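Just so you know, the protein sequences line up as chains A and B, in that order.
Quick note: the first sequence uses our numbering, first residue 4, plus one each step.
Quick note: the second sequence uses our numbering, first residue 291, plus one each step.
Keep in mind the hints are simulated off the structure, nothing from the lab.
Watch out, some of these pointers could steer you wrong.
No more than 30 Å apart at the CA atoms, straight line, and that leaves these computed lysine-lysine pairs for DSS-like [what the hints assert, rightly or not]:
| # | chain 1 | residue 1 | chain 2 | residue 2 |
| --- | --- | --- | --- | --- |
| 1 | B | Lys461 | A | Lys135 |
| 2 | A | Lys237 | A | Lys27 |
| 3 | B | Lys461 | A | Lys105 |
| 4 | A | Lys237 | A | Lys200 |
| 5 | B | Lys461 | A | Lys116 |
| 6 | B | Lys573 | A | Lys99 |
| 7 | A | Lys27 | A | Lys67 |
| 8 | A | Lys235 | A | Lys92 |
| 9 | A | Lys99 | B | Lys391 |
| 10 | A | Lys149 | B | Lys575 |
| 11 | A | Lys27 | B | Lys461 |
For clarity, every value in this text was computed on a predicted model and none was experimentally measured.
Chain residues, written in single-letter form:
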Amino acid sequence: MSKKPIKVEAKDVNAYYGDFHAIKGINIAMEENTVTAFIGPSGCGKSTFLRIFNRMNDYIDGFKTEGEILLDGQNIYAKNVQVDELRKKVGMVFQKPNPFPKSIYENVVYGLKIQGVSNKAALTEAAERALKQAALWNEVKDNLNKSALALSGGQQQRLCIARALAISPSVLLMDEPASALDPISTAKIEELIHELKEQYTIVIVTHNMQQAARVSDTTAFFYMGELVEHAKTKTMFTNPKDSRTQDYITGRFG
Amino acid sequence: MKASEKIIEFLLWLAAAITILITVGIIWVLLSGSLPFFQEVSIVEFLTAKQWTPLFAQKRFGIMPLVAGTFLTTAIAIAVALPIGLTIAIYLNEYAPSRLKRTIKPLLEILATIPTVVYGFFALTVVTPFLQSFIPGLAGFNALSPGIVMGIMIIPMISSLSEDAISSVPKSLREASYGMGSTRLQTAFRVMVPAASSGIIVSVILAISRAVGETMIVAIAAGQQPRLTLNPLVPVETITTYIVQVSLGDVPHGSLEYRTIFAAGIVLFIFTFALNNLSFWIKKKYQEKYD
Ligand SMILES: Nc1ncnc2c1ncn2[C@@H]1O[C@H](COP(=O)(O)OP(=O)(O)OP(=O)(O)O)[C@@H](O)[C@H]1O
Ligand SMILES: [Mg+2]
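Bound-form chain A, shown alone (with noise of 0.2 Å):
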């Protein structure tokens, strides 16, 4: 692969829920400034695995995780971290638009104000560039006040990104963010990602090959809570070394 330097690496990482063993003795490691793609059946983990990037399994009763997750070389389970100033490096967007129920604004600076910026031209500063790289600002720049659950799906999910972004995290987790979405935003939020991978180190959850090729650098392939393969996408997907692999992206199961 090329020489970029690594930004996550995931290291003989073991999940379980209670006695459930959900993620599997995973090895990974993810570039800076690229596009990894995981894909796998359902209930393979995929989703499991993307949230113990930003701990985000930490409030589920009895979830257990094993092994290091290093950003930047620093291990982030280990005692001293600080699970909300992880979670401002690593941002997160999820399958279904969770906007909050309050104005399009509102929603885009909440992550600057609850960590305490509060002079308005910064906000407003932050906010409209936010929603520019979100590819949102045109639609709504008029609107800002409106309530963000009047935007459409597409739109909603845009602002997510745009809020997930305000905070300028240097990872993105993305579970499926175009599942619920028409094909136009979908479009739209793939030709996003493309944009943001200058700036960003993005891991996405994708259910649709022809995505994860369109998008990604690398992908992986995920089956059982296992990592079966990991291979630039274009490899990957004409050359799979893993009959199971081979067997998933030509749609014989999964």
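Based on the hints, put chain B with the ligands in the right spot on chain A.
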């Protein structure tokens, strides 16, 4: 088969009809009792006079002292119950492990099942002396002590309804907030509580309605002295207590003095009716927000 269904249907209809009939009956009693009153006492006098002394030689019929007493004890009760109830609701939702939550909730409900006469006695014999130990001007009967005790009584009402409201906020909003680096406290106050605000407001309105209608605690500990004041340290009387006092006293039926309780009753009814409708309206208006 068909006949038994018909009978059940009829019984259900009857139950509903009886409920409505009783409500209409109560309104009719209040109206027919107070109409003769308002023929003798003008509504202007009733609403503006600053004294309520129907049982004295020098009769004045200003409802305001009773309204003030009701308002004062209710305000104190809410000032106690809202912060504590909301804190409990937030704690149960955001912090408590689910096992603790399952034990605390029923324990709280017990507070609501204690007979109010016990609360009243508690206010008079425990809380008032305790407060007097550090509030020098506090009279033996006052608004403060029953107000506080009433607040304790309605804590479960606010905590339980608010907890329901907060826990019905979609989990995805909490995750969105955590996902941006909010602490639990920030998530609770900036996302969960605002998103649940309509349900929380409804819980407060129902609690107010409950406090306005509460009788026994204030009858025992507040002093039964109508007084137009917002001073919590002196004896006052609420609308409910006045009605009890006259109903149980030796005022002759049919006299003007006796009819005052219908006028007072109407005022009480209007208050609680308006509050309950307000909460119903808020519930309806904001219900669809997340569906
Ligand atoms: N909260 C939970 N408690 C217990 N088991 C869970 C929980 N969440 C997920 N699991 C289990 O962990 C496994 C992995 O789930 P996960 O949601 O990570 O799969 P996924 O690959 O994201 O699936 P999908 O493509 O359907 O989103 C599944 O078998 C699932 O049943
Ligand atoms: Mg998933």
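Right, here's what the structure says about each hint:
no.	hint	verdict
1	B:Lys461 - A:Lys135	28 Å, holds
2	A:Lys237 - A:Lys27	26 Å, holds
3	B:Lys461 - A:Lys105	16 Å, holds
4	A:Lys237 - A:Lys200	18 Å, holds
5	B:Lys461 - A:Lys116	21 Å, holds
6	B:Lys573 - A:Lys99	26 Å, holds
7	A:Lys27 - A:Lys67	12 Å, holds
8	A:Lys235 - A:Lys92	25 Å, holds
9	A:Lys99 - B:Lys391	28 Å, holds
10	A:Lys149 - B:Lys575	18 Å, holds
11	A:Lys27 - B:Lys461	27 Å, holds
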